[in-house]
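Undergrad: Position chain H against the provided structure of chain E, taking the given hints into account.
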Amino acid sequence: MKVTIDGIAVEVEPGTTILNAARQIGGDIVPPAMCYYSKLKDSGGKCRTCLVKVSKGSEKDPRPMPKLVASCRTTVMDGMEVQNITSPEVIEARKGIVEMLLINHPLDCPICDQAGECDLQNLGFEHGAVKTRYEFDRRTFEKIDIGDKIQLHMTRCILCYRCVFTADQITNYRYHGILGRGDHSEISTYIQHAVDNDFSGNVIDVCPVGALTDKTFRFKNRVWFTKPVDAHRDCDHPGCNGKVTLWYKGEEVLRVTARKDQYGEVEEYICNTCRFDKKKTADWVIEGPRHISDKSVISSNHYDFIPLPVVKTNLVLQEANKEQFERDTRL
Amino acid sequence: MARKLLLEHIKVEGINTFDVYRKKGGYASVEKALKTMTPDAVVDEVKKSGLRGRGGAGFPTGMKWSFLAKPEGVARYLVCNADESEPGTFKDRYLMNYIPHLLIEGMIVSSFALGAKTSYIYVRGEMMPQIRILEKAIAEAKNAGFLGKNILGSGYDLELYVQPGAGAYICGEETALLESLEGKRGNPRIKPPFPAIAGLWGCPTVVNNVESIAAVVPIINEGGEEYAKIGVGRSTGTKLISAGGNVKNPGVYEIDLGLPVEEFLYSDEFCGGIANGKRLKAVVAGGSSVPILPANLFLKTINNEPRLMSYESLADGGFVSGTMLGSGGFIAFDEDQCIVRNTWNFTRFYHHESCGQCSPCREGTGWMEKVLHRMEYGHGKLSDLDLLVDVSKKIEGNTICPLGDAAAWPVASAIRHFRDEFEWHVTNASEAVTRNYGLAHYADPLQKLETAG
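Chains E and H supply the protein sequences, listed in that same order.
Taking my numbering, the leading residue of the first sequence gets 1, the next gets one more, and so forth.
Taking my numbering, the leading residue of the second sequence gets 1, the next gets one more, and so forth.
Be careful, since some hints might not be right.
Covered stretches of chain E (in silico footprint by chain H; criterion: 3 or more residues with CB under 8 Å from a CB of chain H, positions within the stretch not fixed) [to be verified]:
# : stretch
1 : 61-70
2 : 94-106
3 : 123-136
4 : 181-190
Among the chain H residues that face chain E by a calculated CB cut under 7 Å, a handful are [unchecked claim]:
#  : residue
5  : C355
6  : G356
7  : C358
8  : R362
9  : G364
10 : K370
11 : H373
12 : K394
13 : G397
14 : N398
Think of the hints as simulated: they come from the structure by calculation, not from any bench.
Cβ coordinates follow ideal geometry from the N, Cα and C atoms, glycine included.
In isolation and in its complexed conformation, chain E is listed as follows (with noise of 0.2 Å):
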C-alpha cells in the first residue's frame, strides 16, 4: 500500500499504522507518541499528541477525512495523503495539546529523576508554548509506594495507561489500574496493594513521564552524568533473555533498564532480577556503549577524556571511546 505523508511517499504493509508508516519515513514527520507504544496492544490513541490531518482518504474514496485523527490508531489505506507538520491545523491543535498535558504536570524536572529521558521533556521543549496561561493551582497527589523497587509520584502522571497495559500483558496479574474520572483520575493500586511480580519492573520503562521510577536509582544521579553502555548475562528466567543497558558513574552501576529504541521504547522487556539485584559489572557481559542519539541530553556529557575504570580494561569500549573523544574534541 502506498501512502503519502507529509510530501513523502512509503510503501507500507496493510494494516500499518499512519504513525508506524510515518517511523518507517523517518525523521522529522514521525508524529509524536506519549501514550501509543508499538510493543503493547490497543495501546494508544489516548494523548492526542499524534493527531494528523488525512487530507485524501484513500484512492478509492479520496474525500478528506471530516477531523483530525490519532495517527496511532488509524490504519493506512491504499493511496492515503496524510499531513503532520505542513498542516497549520495540526500544529495548533497538537500546541493546544501540549498545553492541556503540562497545566496538570508539576515541572519538577530539576528533581525529578526522569529528567533528560523524558518523553514529555522532550515534546515540551519541542512544540510547547514559552508560557502557559494557566494560573490556578496544579493537582497534587501523595507519592505512593507500590512494591519495595517503584515509587509512583502521581502528580507527574500524564494517563497514557501504558502502565496498565504493560501489567495487562507482560506480568501475570495487574494490581494496579486507574480509580476515579476525569482530570481527578489517578493510577493506583487498590488499597495500596502491592505491585509484586517478575516483571512488574517494566512499568517503570514504559512511563513517558517521571510517574513510575525506580526506587533502587532515584536521587541516586541525574541520567546525562552516567554512562550507558548494553550488556547481557544468562538469566535463567524463561521470559527474559538478559539483554540489557547499564548506566554507569565510575565504576559503578546506578540502575538497569532494558534497551530503549529511538522512540523511547524497550527492545525487550527484562525481569525484576535483572534490573533490580544485578548491579555489580561481575554480574554482566559487557557489549559495548550504547548509542544515544545526539539529540539527547544525555549524549552531552557521553565519554570524558579520562577513561572510565570499566573502559580500562574492555577492549570493545576502549575502541568507541577513542572514537566519541576525537569527535568531542573537533566540535
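TA: Chain H only, in chain E's frame:
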C-alpha cells in the same frame, strides 16, 4: 391537536401493567412482525419511515441497522441506551416510568429485525425505580409468551435483560456503554471499529436510544410510509421533548417534528409561555451540550424565517447562528437568568463527567470550569473570554468521543452570543455578584441581513 404515537395512552389508568397495555392494542406490532414479516422487511419499514436516532446525533436508525455485520455463527446484540443523563433531558425516564411495555415491545420487534437472541437495556444507575418497573414489565411479558423461547410460535427466541449502570454520563456514549456492560471501566473505545462490526464482546451490536426503539412500534403498526408523512423534510415522525427551565408547564411533550418553536414555547397545549409573566432570554434547544441561543435567534433563523422544531431548522445557520435538536432537552431561560452562571454550571458538569482518558477533555474541561468559576465570582479578566474560546477550540474535535465537543459547544456558543454579558460580568464584577445582566438586547428583532448583489 396532532395525534400522539408514543404517548397516546399515557393517561390510561394502569397502562404500566401488561393487561391494560395489551387491551389498548399493545404488542400488536410484535404479532405483526413475527407472524407476517421477515427481519429484513422490518428493517426496510424502519428505513422507509426515515426515523432518525433520538439520542442526540440524529443518525438514521434504519441505516444504522443495515450496517450491522452478519457473520455466520456469531451472536448479534441489540442494546438499548437508557443511560439518559444529559442535563435538561428526561424523556426516556418518563417513558420507562409510565409506559414501560412500549419499550419492551419495541425491543422485541427491533431484536427480531436484527436477529439478536439476547438484548440488553442499559439503564442509568440513578433510575432504580425505573429499573424495577422494567424488570416487572419484562416478567409480565415473559409470562404472556412475548419473551423467552419460541415467541408466539414463530420459532424466534429472545432474552431481555436490564442492566443498571453506575451513574456516569460518559456511559451514554455507545462504546463506553458497551465497556460498562461488559463489566469494565466506562471508557469510550477508539473507533473504528464501530459497534456494528465489533461491539459487545466483540460481536456486532446496535445501540439505540429508548425513544428510537419505542418509535419502531408505531412504524411497524402503521407502516413506515405512514410514519414518514408526519414531520417535515428529513425530520419525520414525532419527538418527545422534555421542556424545562422557566416555562409555565414543564414536562414531556410529544410533538410532530416541524412544529414552529414559537407555538411549542407559547401555546397552552405545550409549554404555555414563560413562567411568572417574564420574557424569554435564551434557549438551550436539545440538552446541555448543544449551543445556547439568544431569544431572537432562537425564534427566527438568521434569514428571519420562523424556526421549526426539526433537525434541519434548528441547525439552520450552522454553529454561527444555529443549534441542534440533540436529545430534546428543551431549557428556557427567562430575563432573570445569568448566562455566565449557567455556562459555568454546564462546564462544571462536563468537568465532573469527563472520563479522563484523553488529554484535551480531561485537562481542558477542568481548565474551563476554573476560569468560568473565577468569572462568575467576580475575579474574571477580559482576556479570559478569548482564552475560553481558544481552549474550547482545542478540545473540540480532538477527543476520542463526543463528550469533548459537548463540553466545548456550550462555552463557545455562550461567548459567541452573549459576549457583552460576559464582558459586563468582568468589568462590573462587584455589581455582577448582586444582580443579573437582564434581558438587554437578546430578544430584539433581528436586523435585516444585507446581501450583496
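Undergrad: Please go over all the hints and tell whether each is borne out by the structure.
TA: Structure-based check of each hint:
no., hint, result
1, 61-70, "holds (count 3)"
2, 94-106, "holds (count 7)"
3, 123-136, "holds (count 3)"
4, 181-190, "holds (count 5)"
5, C355, "holds, 5 Å"
6, G356, "holds, 4 Å"
7, C358, "holds, 5 Å"
8, R362, "holds, 5 Å"
9, G364, "holds, 6 Å"
10, K370, "holds, 5 Å"
11, H373, "violated, 9 Å"
12, K394, "holds, 3 Å"
13, G397, "holds, 5 Å"
14, N398, "holds, 5 Å"
Consistency note: the structure conflicts with earlier hint 11 alone.
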